[in-house]
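Residue numbers (full-length UniProt numbering), protein chains in the order written: chain A, 1 to 84; chain B, 1 to 313.
To be clear, the hints were calculated from the coordinates, so they are not data collected in a lab.
A portion of the hints provided could be inaccurate.
The calculated PhoX-like cross-link candidates involving lysine-lysine, where the alpha carbons are at most 20 Å apart (straight line), are [unchecked claim]:
| hint | chain 1 | residue 1 | chain 2 | residue 2 |
| --- | --- | --- | --- | --- |
| 1 | A | Lys65 | B | Lys224 |
| 2 | A | Lys65 | B | Lys236 |
| 3 | B | Lys193 | B | Lys236 |
Computed footprint of chain A on chain B, listed as stretches where at least three residues anywhere in the stretch have a Cβ under 8 Å from a Cβ of chain A [what the hints assert, rightly or not]:
| hint | stretch |
| --- | --- |
| 4 | 119-127 |
| 5 | 167-180 |
Computed list of chain A residues with no C-beta within reach of chain B, every gap over 12 Å [said to hold, decoys possible]:
| hint | residue |
| --- | --- |
| 6 | Met1 |
| 7 | Asp2 |
| 8 | Ile27 |
| 9 | Thr39 |
| 10 | Ser43 |
| 11 | Asn45 |
| 12 | Leu48 |
| 13 | Phe54 |
| 14 | Thr64 |
| 15 | Ala66 |
| 16 | Thr75 |
| 17 | Ala80 |
Computed from a predicted model, the values in this text were never measured in an experiment.
Heads up, the beta-carbon is just placed ideally off N, CA and C, and yes, glycines get one too.
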Amino acid sequence: MDSTAIETTVREVLAEQGKLSEDAQSIAADADLYRAGMTSHASVNVMLGLEDEFDIEFPEERLTKATFTSVQSITDAVEAIQND
Amino acid sequence: MTIMDTHQDLATQQDTFRAGLEANDWLLPTLGDGVNGLGPQAEDVVQGIAAAARRIAAELSPEAGTRRLRFPPVNGTRLLERTDYVASFPQLLGTISAFEGDNKAHRKLLSMYEDGGDWSGELSPAGHALVPAVCHPLYAYLEGSQVDGTVFELMGECYRHEPSPDPMRFVTFRMFEAVRLGTPQEADEHREKWLAAGTDLLRALGLTVEADTANDPFFGRAGKLLSAGQREAQLKFEILTEVYPGHPTAIASANLHEEHFGEAFDLHTADGAVAHSACFGFGLERVALALAAKHGFDVAAWPASVRQELGLS
Chain A
1 MDSTAIETTV REVLAEQGKL SEDAQSIAAD ADLYRAGMTS HASVNVMLGL
51 EDEFDIEFPE ERLTKATFTS VQSITDAVEA IQND
Chain B
1 MTIMDTHQDL ATQQDTFRAG LEANDWLLPT LGDGVNGLGP QAEDVVQGIA
51 AAARRIAAEL SPEAGTRRLR FPPVNGTRLL ERTDYVASFP QLLGTISAFE
101 GDNKAHRKLL SMYEDGGDWS GELSPAGHAL VPAVCHPLYA YLEGSQVDGT
151 VFELMGECYR HEPSPDPMRF VTFRMFEAVR LGTPQEADEH REKWLAAGTD
201 LLRALGLTVE ADTANDPFFG RAGKLLSAGQ REAQLKFEIL TEVYPGHPTA
251 IASANLHEEH FGEAFDLHTA DGAVAHSACF GFGLERVALA LAAKHGFDVA
301 AWPASVRQEL GLS
């Protein structure tokens, strides 16, 4: 899966679980999702949603706020986990 | 010293402290694992700490006003769902079961009981749960309302299923809490003020304490993410003291919940924004036991200033 396809799915999961005050499809890839309204509990649902969609498991060292901070950071993390 | 030695050393310290507490009637045994009664001196000290906390509440928030409310240690199971406790702390919660069967079911229950079997499997969920934090019933009570920065004062029993050989860790214990719901600024200010005042009180009682950032014991992998976020945003501070040298124990905490409870219970401020909340809590038995560790089991021999602060002389 290339990074564009990953990003599309990431945005879909964010739209469903992220509780963002902005449109998850159009929010800038580097915008801070926490600033855009994603609560910490919402970020957990985003994480679980991503694990289901991509059939991956985030390793413990990636379970940090930094991983889930933007569309870009999530996409990078998913790509890295898939390539592991 | 190896890690194992340190570990054994801590366990020995905990055993020695427990033996002293029991021998001096500070802790009274019960049939519940991790559940203790308190003897007269311990109970006097607990009441003294609660009274001192109420004095702080009266001094700190005269303009906001303080409302003292009381909720019992049992609430509806739904409370655990609404606060996200089921999702975040399933390992700590406790629900209540009751017998709702007929005569036939009663005979089955009796025969299991007489055979020394596990009769509790014949019970069914009663719809009730033990309250894990004294502020939780407050949010449910206020559901759908507008909040204005009023401080709520609460005291009651909490349940956390974490039996431990450490006498400082109670499965059921009393908490004094001062909770404020309002704007983000009001919540921040409340947390700051109480963290300072709580630390001052504990120092006035002769304890060596330090405040530090902390995280709640969120469950599992999702919990790792929540803990990291809580620490990064410095949402939780604990006031720690070393009952066991080299091993700090939390005896109070000061927490910002941001919009967590405001959103879950539809609480808002005058401008229509989701309310923020903050709470400060003393673990009353823990403070009392820390004082016993510091000043000894004979309260009559404690420093006069400490006795006075607790209203014991």
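Against the structure, the hints come out as follows:
1. A:Lys65 to B:Lys224: Roughly 10 Å separates the two Cα atoms, so the pair holds.
2. A:Lys65 to B:Lys236: Between Lys65 (chain A) and Lys236 (chain B) the Cα gap is close to 16 Å, so the pair holds against 20 Å.
3. B:Lys193 to B:Lys236: OK: Lys193 (chain B) and Lys236 (chain B) at ~14 Å, within 20 Å.
4. 119-127: violated (count 0)
5. 167-180: Violated: only 0 residues of the stretch 167-180 of chain B have a Cβ under 8 Å from chain A.
6. Met1: holds (23 Å)
7. Asp2: Correct as stated: the minimum Cβ-Cβ distance to chain B is 26 Å, above 12 Å.
8. Ile27: holds (20 Å)
9. Thr39: Nearest chain B Cβ is 7 Å from Thr39 (chain A), so the label is violated.
10. Ser43: violated (6 Å)
11. Asn45: Violated: least Cβ distance 9 Å, not greater than 12 Å.
12. Leu48: Violated, since 7 Å does not exceed 12 Å.
13. Phe54: Non-interface label stands for Phe54 (chain A): nearest chain B Cβ at 15 Å, farther than 12 Å.
14. Thr64: violated (5 Å)
15. Ala66: Violated, since 9 Å does not exceed 12 Å.
16. Thr75: Thr75 (chain A) clear of chain B: closest Cβ-Cβ about 17 Å, beyond 12 Å.
17. Ala80: At roughly 17 Å from the nearest Cβ of chain B, Ala80 (chain A) sits farther out than 12 Å, so the non-interface label holds.
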